[in-house]
Amino acid sequence: MEISNRKKTEMLRIMKRIRTFDETCQSLFVSGYIPGSLHCYTGEEAIAAGVCSNLRKDDYILSNHRGHGHLIAKGGEFKFMLAELFGKKTGYCKGIGGSMHLASLELGILGANGIVGGGICIASGVGFSIKYQNLDKVVVCFFGDGAASNGVFHEGLNFASIHKAPVIFVCENNLYSISMKQKKATGVENISIRAAGYDMPGETIDGNDIIAVYESSAKAIERARSGKGPTLLEYKTYRWRGHYAGEPGDGLLYRDKEEIEMWKTKDPIKRFQENLINNKVLSINDISSMEKEIQEEMDKAIDFGNNSPYPEIEYLYKNVYV
Amino acid sequence: MHNIVMPKLGFTMTTGIIQKWFKQEGDIVNRGDKLFEIMTDKVTFEVESFHSGILKEILKKEGEEVPVRETIAYIIGEDEV
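Top to bottom, those sequences are chains A and C. Residues are numbered in the numbering used here as their position in the first sequence, beginning at 1, plus a constant of 1318. Residues are numbered in the numbering used here as their position in the second sequence, beginning at 1, plus a constant of 31.
In short, the hints are calculated from the structure, not lab data. Just to be clear, a hint being listed does not mean it is correct.
[To be verified] Straight-line distance between alpha carbons at most 27 Å, and here's what the computed DSS-like set of lysine-lysine pairs gives: (1) C:K65 <-> A:K1588; (2) A:K1618 <-> C:K65; (3) C:K65 <-> A:K1610; (4) A:K1499 <-> A:K1575; (5) C:K54 <-> A:K1575; (6) A:K1582 <-> C:K65; (7) C:K65 <-> A:K1575; (8) C:K51 <-> A:K1575; (9) C:K87 <-> A:K1618; (10) A:K1325 <-> A:K1610; (11) C:K73 <-> A:K1575; (12) A:K1584 <-> A:K1325; (13) A:K1397 <-> A:K1326; (14) A:K1499 <-> C:K73; (15) A:K1584 <-> C:K65.
Could you build the full structure based on these sequences and the hints that come with them?
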């Protein structure tokens, strides 16, 4: 598949933005600046960047609790995301939603979600709605290996299959649901084989290879857009840190150090960056400039978050329908 | 100058006990360095430094129990020395 240098550069930029944002959030969290919980995407960046680089602004995504990466890849701005994490009223959800409820209808982000598998049936419904209204849109649903064994996975994929809804189901298999190993929690090694039960194509791919992610998701998105129906994509990856920021041991209590170090050698960003430098797509100076710009955006976002006001107490009663 | 605070690691955490300082007053600190270790009723946690600079002053010593978000030390930039 022919991918332009411009596109490749943009995908590297997205991955680096995600890494900077979540590593900074991890630090900000343990320094006491972020109330509420947060779940870092560090190590999984190629999936969000590769998939969302095939999407248009008016396509939709459903995300999960580990959603900052998806949001940034779909166009989320650091300052409004961080303001939300700080609980300030300039955040995407006016400061009342936090990390797991970030959403922006304008950007087609139908929301991060704190319920495991919570986005799957929503995505199937959105897909049905797109088809019913004859719109030229698709919806991508991100979820993890744990969610793939939740009852809603069966219902959601079955529904999307019956209606040939334009949904791309993306399972980010990082081998752990909190502290439970995927091989102990799942009856199959490769979750993608479950696609056969729903008459849709299913594929297992290296989630740390951004080109493989880009190409496989492009195919599935094209299939959905042309009316042929849903696809199940399983990307194998690994999170470097614990399940949540502040977890004792930061992932070491239930995982071996050797396993973590092994996966760090497969860093999707380092891999792609080396590829781009070796193929003379980008120079070391280009990379430095990119990193400097991203850090500046991050610093400005921290200032914006710190200087923004909290929502007024009256806001508790807004948007409550009882 | 940056305030280093007792982190709030969970919804129910109200205080933490400083178990150990990994740096002394006057030491250079880089972002990501282990700075101090805390203990709560639930966990022991090593806190990394978000800031780079020099650890100017430690306000709370090993063994002290501190409420969350309270300042326990100051880090100053090398240009502020």
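Now for the hints, and whether the structure bears them out:
Distance check on the hinted pair: C:K65 and A:K1588 sit about 24 Å apart at the alpha-carbon level, within 27 Å; holds. Distance check on the hinted pair: A:K1618 and C:K65 sit about 26 Å apart at the alpha-carbon level, within 27 Å; holds. Between C:K65 and A:K1610 the alpha-carbon distance is near 25 Å, which keeps this suggested pair within the 27 Å criterion. A threshold of 27 Å between alpha carbons decides the hint, and for A:K1499 with A:K1575 the separation of about 15 Å falls inside it, so the pair holds.
Among the hinted pairs, C:K54 with A:K1575 is consistent with the structure: their alpha-carbon atoms are about 25 Å apart, no more than 27 Å. At most 27 Å may separate the alpha-carbon atoms for a hinted pair to count; A:K1582 and C:K65 meet this at roughly 20 Å. With a C-alpha separation of about 18 Å, the suggested pairing of C:K65 with A:K1575 holds against the 27 Å cut-off. Taken as a hint, the C:K51 and A:K1575 pair is honoured in the structure, with Cα atoms around 23 Å apart against an allowance of 27 Å.
For the given pair, C:K87 sits about 26 Å from A:K1618 by alpha-carbon distance, which is consistent with the 27 Å threshold. Distance restraint check for A:K1325 and A:K1610: the Cα-Cα separation of roughly 20 Å lies within the 27 Å cut-off, and the hinted pair is therefore satisfied. For the hint linking C:K73 to A:K1575, the alpha-carbon distance of about 23 Å falls within 27 Å, and the restraint holds. This hinted pair checks out: A:K1584 and A:K1325 have alpha carbons roughly 22 Å apart, not beyond 27 Å.
Distance check on the hinted pair: A:K1397 and A:K1326 sit about 25 Å apart at the alpha-carbon level, within 27 Å; holds. A threshold of 27 Å between alpha carbons decides the hint, and for A:K1499 with C:K73 the separation of about 23 Å falls inside it, so the pair holds. Annotation: proposed proximity of A:K1584 to C:K65 holds, straight-line Cα distance about 25 Å (limit 27 Å).
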